[in-house]
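Note that the protein sequences, when read in sequence, are chains U and X. If you use our numbering, the first sequence corresponds to residues 2 to 794, in order. If you use our numbering, the second sequence corresponds to residues 2 to 794, in order.
Simulated from the structure, these hints should not be mistaken for laboratory data. Do not take every clue at face value.
[As the list claims (entries may be wrong)] For lysine to aspartate or glutamate, the following DMTMM-like pairs were computed, each having C-alpha atoms within a straight-line distance of at most 25 Å:
hint : chain 1 : residue 1 : chain 2 : residue 2
1    : X       : 663       : U       : 336
2    : X       : 698       : X       : 684
3    : X       : 310       : X       : 636
4    : U       : 232       : U       : 244
5    : U       : 663       : X       : 762
6    : U       : 601       : U       : 589
7    : X       : 678       : X       : 636
8    : X       : 698       : U       : 740
9    : U       : 232       : U       : 246
10   : X       : 663       : U       : 762
11   : U       : 663       : X       : 684
12   : U       : 310       : X       : 623
13   : X       : 637       : U       : 763
14   : X       : 663       : U       : 623
15   : X       : 179       : X       : 246
16   : X       : 663       : U       : 764
17   : U       : 663       : U       : 623
18   : U       : 698       : X       : 73
19   : U       : 112       : U       : 313
20   : U       : 663       : X       : 107
21   : X       : 663       : X       : 636
22   : X       : 236       : X       : 246
23   : U       : 663       : X       : 740
24   : X       : 310       : U       : 725
25   : U       : 601       : U       : 611
26   : X       : 663       : U       : 763
27   : U       : 663       : U       : 597
28   : X       : 698       : X       : 72
29   : U       : 637       : X       : 763
30   : U       : 663       : X       : 763
31   : U       : 179       : U       : 597
Just so it is clear, the structure is predicted and the values come from calculations on it, not from any experiment.
Protein chains: 2
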Amino acid sequence: MLCIVFEILYVHLKNAHRNWSDFWMSVSLNRSYNLPLNLAGRAFVLSFFFFFFTDVFDEIKCIHLSLFLEEERRMSHMGFRCLEISRWVICGLIGILTGLIACFIDIMVEKLAGCKYQVIKENIEKFTEVGGLSISLILWAVLNCAFVLVGGIMVAYIEPIAAGSGIPQIKCYLNGVKIPRVVRLKTLLVKVLGVICSVAGGLAVGKEGPMIHSGAVVAAGVSQGRSTSLKRDFKMFEYFRRDTEKRDFVSAGAAAGVSAAFGAPVGGVLFSLEEGASFWNQMLTWRIFFASMISTFTLNFFLSIYHGKPGDLSNPGLINFGRFESDSVAYYYYELPLFMGMGAIGGLLGALFNSINYWLTIFRIRYVHRPCLQVMEALLVAAVTATVSFTMIYFSNDCQPLGPEHNEEYPLQALWTTFLIKSDVISSFSFICFCLKPCIHCTLSILYGEYNSMATAFFNTPERSVRSLFHNQPGSYNPLTLGLFTLTYFFLACWTYGLAVSAGVFIPSLLIGAAWGRLCGILLASFTPTSPIWADPGKYALIGAAAQLGGIVRMTLSLTVIMVEATGNVTYGLPIMLVLMTAKIVGDYFQEGLYDIHIKLQSVPFLHWEAPATSHWLTAREVMSSPVTCFNRIEKVGTIVDVLSNTSTNHNGFPVVVQPAKLCGLILRSQLIVLLKHKVFVELARSRLSQRKLQLKDFRDAYPRFPPIQSIHVSQDERECMMDLTEFMNATPYTVPQDTSLPRVFKLFRALGLRHLVVVDDENRVIGLVTRKDLARYHLGKHGLEELQLAQT
Amino acid sequence: MLCIVFEILYVHLKNAHRNWSDFWMSVSLNRSYNLPLNLAGRAFVLSFFFFFFTDVFDEIKCIHLSLFLEEERRMSHMGFRCLEISRWVICGLIGILTGLIACFIDIMVEKLAGCKYQVIKENIEKFTEVGGLSISLILWAVLNCAFVLVGGIMVAYIEPIAAGSGIPQIKCYLNGVKIPRVVRLKTLLVKVLGVICSVAGGLAVGKEGPMIHSGAVVAAGVSQGRSTSLKRDFKMFEYFRRDTEKRDFVSAGAAAGVSAAFGAPVGGVLFSLEEGASFWNQMLTWRIFFASMISTFTLNFFLSIYHGKPGDLSNPGLINFGRFESDSVAYYYYELPLFMGMGAIGGLLGALFNSINYWLTIFRIRYVHRPCLQVMEALLVAAVTATVSFTMIYFSNDCQPLGPEHNEEYPLQALWTTFLIKSDVISSFSFICFCLKPCIHCTLSILYGEYNSMATAFFNTPERSVRSLFHNQPGSYNPLTLGLFTLTYFFLACWTYGLAVSAGVFIPSLLIGAAWGRLCGILLASFTPTSPIWADPGKYALIGAAAQLGGIVRMTLSLTVIMVEATGNVTYGLPIMLVLMTAKIVGDYFQEGLYDIHIKLQSVPFLHWEAPATSHWLTAREVMSSPVTCFNRIEKVGTIVDVLSNTSTNHNGFPVVVQPAKLCGLILRSQLIVLLKHKVFVELARSRLSQRKLQLKDFRDAYPRFPPIQSIHVSQDERECMMDLTEFMNATPYTVPQDTSLPRVFKLFRALGLRHLVVVDDENRVIGLVTRKDLARYHLGKHGLEELQLAQT
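Please model the entire structure based on the sequences and the hints provided.
Structure below.
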């Protein structure tokens, strides 16, 4: 199975332009595996791919043409009920598959890192005898780089959109912005394998963010019941081959992703709603919740089997924060101002993080745009991360006694243990005896029964480090360790985000925050040594983690709920909310959120929740694009072809008018292309009466990859034909009078998920067209309303 | 303080039509309290009332007239920021006040019930010596009836809208339906005092539902910065005197209410969103969440002080379900089908409950509509409840040994104890010795060290009974007890809901469900006595409670989250969701949800989330009201007065046209009335140049109680004047072409919160007007689309 996947990647690397079916042929024809494996593998891969993937090029617009209405009118009550049931089935599938992917990532990371450490262990055992441990260290760094190399190459050469956490892309998608290739099969594959490589490669990254993107791709695939890439159509879920329906399912997928990542089904629902759905629909939300629940259940169920404790449903996510006991008093009300102060610190640090990352990204866009350079940068970061970590541990002498009550399952009893048992990967305790051999380097010779707390922080999976910072006994860390760790990890994480690897920023942020939060707790406790309330620096670590994460990503409601669900203690709701609020307010004063920065750098027409506050003086007349290219109800084919071929305008929606310029409908580029492709011309219909009528199915089959106009051949004779658009246009497009204020137009767009809004005068004549881009231009800057330049996507 | 409140009620009873300021004068002038108490009391009551109450007559429509636009355009960036801050301040206040009200209710119930039992105890002590215990029992029933009498009289005579839980009313309000008096000060007072009386009176009711209504009234009051009833204007928050803004705050209030009731801030937010906000706005949601958090924090904070454990923030709501330990395995995946089976039972029982209650309500509407009859029915129910409970305990011989590990704080060691220690009201243990005296009646002579489990279920506050059913040791209840309890309590609760008392249905539902759920658990365990998984009937009690509640109220997402938050264990999320889903599906097959039934019986134009599925063949032309009463841009005053006075049509919105019938704006009845009141006539403006221009403030001052047209005097001369509506109308109303399908119109209404939508032809001429009522008529019944008859509200 794995071999096949790597094979796929290899073949694909060689010929990036060949399409999937070709390459699959090459794989299946030229291979010489032994038969059973080959067949089983193929069957699995085939079912895996064919069952639920499709590629997507998205056009968010409810096709409301007469054909569609006709279908809806024909449909019986029972038909609608069946559709509703299908929606539930799809959401269930989305949940299951997302959970399985999360499970796969988790297990693969464990396995791969396990192999890596096995190799290093054997090497160290060899060299400890003869001296020359630095060689082992180099080996270790090289192995890390190797993983990052694989991940980097996949991302940089095969699918650059899979870089990073994918959250900005999903935000854009749910917002209604077209981003090519964002929910394709290939993206998912690269994302999943990429994140495994980067986490196994020891970068300062998390595997949680990419889960959201993965869930979204799964949803986009399942809901269409076919794979465009693989040219396979299952003839199911055809009704959902529309932008609005697909977007709803993608919301569910993103929620399922959050749910699997953090064990936070409600947080997932709120994330989807916060980022996506502008029109709240009860049934939709309920389905999203269902997908989230199923996803976290699936993950938990399979992981419990994998860990040999079937039925233990206490680990619902890829990360959980461990149990904060609520038996004692959780916090005192007079601590709230302190928490808010920490929120402010988080906001400041977050703004700093974002600013540095902003400049770094600009630098990357200018100078590091070639794939090979991107891969090299990733390798550099991997090497530096390893080196810095090693140096920090090497010079640290923060040795803590190993009490009987420590929380970790695999106590890091010695430095070398920490090097080897980097995570919970290796469950065999055969290491321990090895690790307790006297080390040759004086700094490294740590007494039996002690462990290096710097190593606890640095050489652990980030998830486990976060948990240690939350739950270890007071006194487990010395302040200097925490300070140094915060400093180095801050810059490492900042450098890492935006690399051409697939990786999330949630966990690194939590880790930075937990470190300085715990530091705050320790310092506060040192001022008031007698009072018992400061006894738990873990609480401050939690608050710090929330503050830092809030300062970087600036999410609000959903993040609060995610944190509360991951903590498993509702009592912390209020402080976490206050902290996130403070962090957001302080952070917003200096710099936007990380995701917003990256969205802005892509110059996409992203619509915020409301029009800028001071935009009431703008009217539709000033905002709209004008003049508008309109078509007549019965239009010459030549004119249509010429307009569609005109690359300088590149419009997507065209008002249909009857003379003089009176609006009677709206038709989309994609619909026109399907009409041209099927040559639905008035003259032909007359001459060839037997020609079958164009059906809704033809539009659905073409969705979502409508061919470009250049690929459609129209002869000179045909150019003289006429096309009757009446039956295919949307006969009741939304319109506004020209004096409508911008906030009103904006609300209409946002609430109804529009892409085109026709502006008419009081005679119902078309005088302009408002698109997303026209609205997204306006932005509230420091000096009032500003106009942005947006890319032509 | 309390005296004053009762005084108020007494005075008000005597003269129900006198308005508040008059009655206040009478209170303050005629009283003869000693001075300090009087002054302090008055100051408190005054500040209490004046600070945050107002009365509301609601018209949900964004006034978008030119004046308004002008104001927005004049406002600076800073101005908008101040508004935003005010919104946050208001939400904070809503949270604090809602929390305080919850706290007040909780403490009052404890105190009153405490007094009641003190009296009964003394009486019993007297009669135990001389025989004749039945007299004590009668005294006890009479006391209960007395409480119910007070509550019933307040509700039936003073403010009938305060009956029941108020949730249907709040659902309607948030949906945009005008319900008179629903968010008035008087309603709140009656609601709060009424719920205290009914809970203290021992009815099968909860105090949680009314909290939601209370929170909503608080919000409506605070956000307006004045009290219309008390004729007091604080000149603050004037900007928010609009329907849209007020509705947003009422959402926050309802959420704060849920949050205080169940300690479920996230559940509260979801409740508000599920019931109200159709257009999801991030900042609004965040503010709602803030209000919820503050509310639960306030309640918890003050209750912790009251209970002498300041800072203990572990009791965030009026009810909490106790701690379900997640150390052991919460549930096994093969239990899920069982849970779903229980969900189906819950759906069936819920449908039965709703059907019985439906017929009962119809009966009440027909025959029990006079206030005195309503009060008498309430008294009857109170007496029957007491009698049935007594009989059940009297004949029950389910005596359980009192183990050392029992969960209750005040173990019900003997029947009489349970009679006396009905709740956690009485903390003194002086009862115990009394109770352990040998009783004279043989059935009552319960051995030392045993307790009557029927009494545990029946004679406890419902909240505490629910907790006992969830957490008591296996074997605490015998199946017969549980079965009988379920049966009797089911009918009692069903009879009680809809009485003229202020009371919630949440807790009784939970209690019924917990009882039969625990019964299911016990029965299942008896089939497989060796397997350890059935060891915890408490889990089944929880599932049963969820199933029953879901079967009755049919809430989905928000209820799941509320249950999970009250349980404090995220692991139960999936089973609870599955159960609620099954209960809803099964229940919906037979009967609608309880709240929906009551909403339907009121015949209000309630809009659901989507248009009925099979309504695509309906177009705006068929749905709209036609012909429409239109006004000219410059219209004769006489015409306007005649139209407004015409009670047969009673329209609220009027399209404004220029001849011939071309749409140029929309004006509301309320705006016209303000214009008429201020005599904004063209002729007068010419003759009296010095007359000040009508400002937005004039509209706001009139909001929300616009005078009726009859109260405005227009002389015969004035009738001949003209009015220029240009400046005051909404110049860019939303319009649709006549061929728009019903679902599209519906979506526009729902997403934008419209009340009027003008239907135009392709020449922009008005041909009809769609209102909420036109849309709410259509309903998907068993036999396809049905049309309902709606009341003229």
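Run the structure past the numbered hints and jot down the numbers of the failing ones, going up.
1, 3, 11, 12, 18, 20, 24, 27
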